[in-house]
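Quick mapping for you: the protein sequence lines, in order, are chains Z and A.
Position one of the first sequence corresponds to residue 1 (the numbering used here), numbered consecutively onward.
Position one of the second sequence corresponds to residue 1 (the numbering used here), numbered consecutively onward.
Be aware that a few hints might be false.
[To be verified] Sample of chain Z residues facing chain A (criterion: CB under 10 angstroms; computed from the structure):
| id | residue |
| --- | --- |
| 1 | V23 |
| 2 | F45 |
| 3 | S54 |
| 4 | G62 |
| 5 | A74 |
| 6 | I95 |
| 7 | D108 |
| 8 | L110 |
| 9 | R152 |
| 10 | M189 |
| 11 | A209 |
[To be verified] Residues of chain Z placed beyond 10 angstroms of chain A at every Cβ, according to the derived structure:
| id | residue |
| --- | --- |
| 12 | E30 |
| 13 | Q38 |
| 14 | A39 |
| 15 | G40 |
| 16 | A44 |
| 17 | R46 |
| 18 | A79 |
| 19 | S92 |
| 20 | K112 |
| 21 | G177 |
| 22 | R202 |
Bear in mind the hints are in silico, worked out from the structure with no lab data behind them.
Computed from a predicted structure; not experimentally measured.
Ideal Cβ positions, reconstructed from N, Cα and C, are used throughout, including at glycine.
So the chains spell out like this:
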Amino acid sequence: MGTLAGTLTLPTFGSKVASKTRVDYQNTPEGALVQRAQAGEEAAFREIVERYQSKVFSIIHGIVRQRNDVEDIAQQVFAKVYLSIRSFDFRSSLITWIYKITVNECFDYLRKRKVRKLVYESDLSEDEVRRVENSDPAVDRQIPADSSLAQRDYVLKLLMRVSEEERMLLMLKEVEGFSVEELAEKTGMNENTIKVKLFRARQKLVKAAQRLDRTPGLVPG
Amino acid sequence: MHAVVMDSLEEYLSGALNPAAQREIEAHLTSCDACSEEIHSMQEVSPLFLSLRPDETAVPALGFYARVADRVNERKAVPSVANVFGLGFAFGRRLIFASLLTLAVLGSYLVVRESGYAAGPSPEAVMAQQESPAFDSAPAQDNMLVTLTAYEH
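Let's have the full structure, built from the sequences with the hints guiding it.
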C-alpha cells in the first residue's frame with residue numbers, strides 16, 4: 001500500500017466533473033451580515049454568534065468531549081471570529097470559515113492538553129507517574145474502556161498528522177457528510193482540487209495509521 | 001492508484017456511487033492488487049470519523065454572547081508587539097518594505113565599490129613588485145634619505 005501510489009502519475013480528474021460557477025457569497029443575505037460585522041456593527045456580530053453558536057458547540061463537543069471545556073473553546077472561537085472578521089474574503093461560506101477556526105481551536109486545545117500532561121509528568125518521579133496512571137486510567141496513554149472513545153482518540157491522533165486544510169476537508173466530508181460538490185460550493189474550490197486534496201489527505205492518514213499501529217500501546221478501535 | 005478508482009474515490013468510499021460506476025470500480029479492484037490494497041486501507045480509516053459526530057446536541061448556557069463579548073474585550077486589552085510601539089499593520093508592512101529597499105541599495109553600492117577595487121592590481125602582482133630587485137633600488141633609498149634629511153633641518 002502506498003508504494004505504487006507514489007510511482008503512478010496522478011490522473012487529471014475532470015472527465016466526469018463539470019465545473020460550476022462559484023457562489024458569490026458577498027451578494028447573499030449572509031454576505032450583507034458579514035459586511036455589517038466587518039464595518040464594526042455589534043448587532044451583526046451578535047447575530048452571527050447566535051446563528052452559529054449551536055453548530056460550534058456541537059463540533060467542539062464531537063472532538064473534545066470535555067463538557068467543561070466546550071464553552072471555553074467556543075468563546076475563544078467567536079473571539080477569533082470577531083477579531084479577524086475583516087480578513088474574511090467571501091471565498092468560502094461564513095460557516096465554512098467558522099468551521100475551520102473551530103476545528104483548529106479544538107486541535108490547539110488537544111495539543112496544549114497533551115503538552116501540559118507531559119510537563120506535569122516530567123516533574124514527577126517514576127513511582128509518582130505510575131501511581132497517577134493507575135489512579136486515572138481513562139487518560140490518553142491507556143486504551144479507553146469504551147471502544148468509541150478509543151476510536152475517537154485514534155482518529156484524533158491521525159488527524160494531528162495532516163495539515164489544517166486537509167483536516168478541515170476530511171472533517172467536512174466524513175463527519176458532516178458533505179459531498180464533493182457541496183464541499184466545492186462551501187470552500188470556493190474546484191471539485192477536482194477537492195478530490196486531489198482529499199486523496200492526498202487520505203494517503204497521509206493511512207501512512208499515519210500504519211506508523212501508529214507499529215507503536216506499542218496504541219490500538220485502533 | 002489508477003484513474004478509474006481515483007475519479008470516483010469519494011463517492012465509492014461514501015457508498016454514493018451509481019451501480020454502473022460501482023461495478024466498473026469493483027471489476028478493476030479484482031484485477032489490481034495495488035488499488036485494492038490502498039482502497040482497503042482507506043476504507044478501514046473512514047468509519048473511524050463517525051466517533052467525532054456529537055452524540056447529543058450541545059446547547060450553550062444562557063448569557064453566552066455576554067461571555068464572548070467579555071473574552072473579546074480581554075483580547076483587545078492585551079497589547080500586541082506592534083501596538084506597544086504604536087505601529088499599525090499597514091505601517092509595519094511599509095516599514096519592512098522601506099528597510100528591505102535600503103538594504104538592497106546599500107548592498108548594491110558595496111558591490112559596485114568592491115568591483116572598483118578589483119580593477120586595481122591583483123595581490124599577487126603587488127607582492128611580485130615588492131619582491132623585485134627594482135623595489136629596493138637606489139632611487140627609492142635616495143628618496144628615503146632626502147626625506148630624513150628634511151626632518152633633521
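Handout entry: Restraint check, 10 angstroms cut-off on beta carbons, for Z:L110 near chain A
Key = 12 angstroms, violated
Handout entry: Agreement of hint Z:F45 with chain A interface, Cβ distance less than 10 angstroms
Key = Status holds, d = 9 angstroms.
Handout entry: 10 angstroms Cβ clearance of Z:R202 from chain A
Key = Answer for Z:R202: violated, closest chain A Cβ roughly 5 angstroms.
Exercise for the section: Report holds or violated for the interface hint on Z:A74, using the least CB-CB distance to chain A and a cut-off of 10 angstroms. Expected result: 7 angstroms, holds
Handout entry: Beyond 10 angstroms from each Cβ of chain A, as asserted for Z:K112
Key = With a cut-off of 10 angstroms, Z:K112 remains clear of chain A, as the shortest Cβ separation is near 17 angstroms.
Practice task
Classify the hint on Z:I95 as holds or violated, based on whether any CB of chain A lies nearer than 10 angstroms to its CB.
Solution key: Since the shortest Cβ distance to chain A is 16 angstroms, the answer is violated.
Exercise for the section: Measuring Cβ to Cβ, find out whether Z:Q38 lies farther than 10 angstroms from everything in chain A. Expected result: The claim holds: Z:Q38 sits with its nearest Cβ about 15 angstroms from chain A, beyond 10 angstroms.
Problem - Status of the Z:R152 interface restraint (C-beta, 10 angstroms, chain A) - result: 4 angstroms, holds
Exercise for the section: Have a go at the Z:M189 hint: is there a Cβ in chain A nearer than 10 angstroms to its own Cβ? Expected result: Interface hint status for Z:M189: violated (14 angstroms vs cutoff 10 angstroms).
Exercise for the section: Decide, holds or violated, for the assertion that all CB atoms of chain A are farther than 10 angstroms from the CB of Z:S92. Expected result: Label holds. Min Cβ-Cβ 19 angstroms, cutoff 10 angstroms.
Practice task
With 10 angstroms as the threshold, tell me whether Z:R46 passes as away from chain A on beta-carbon distances.
Solution key: 6 angstroms, violated
Problem - Minimum Cβ-Cβ distance from Z:G177 to chain A exceeds 10 angstroms - result: Its Cβ does come within 10 angstroms of chain A, the nearest being 8 angstroms, so this is violated.
When each numbered hint is compared with the structure, violations occur for hints 1, 6, 7, 8, 10, 17, 18, 21, 22.
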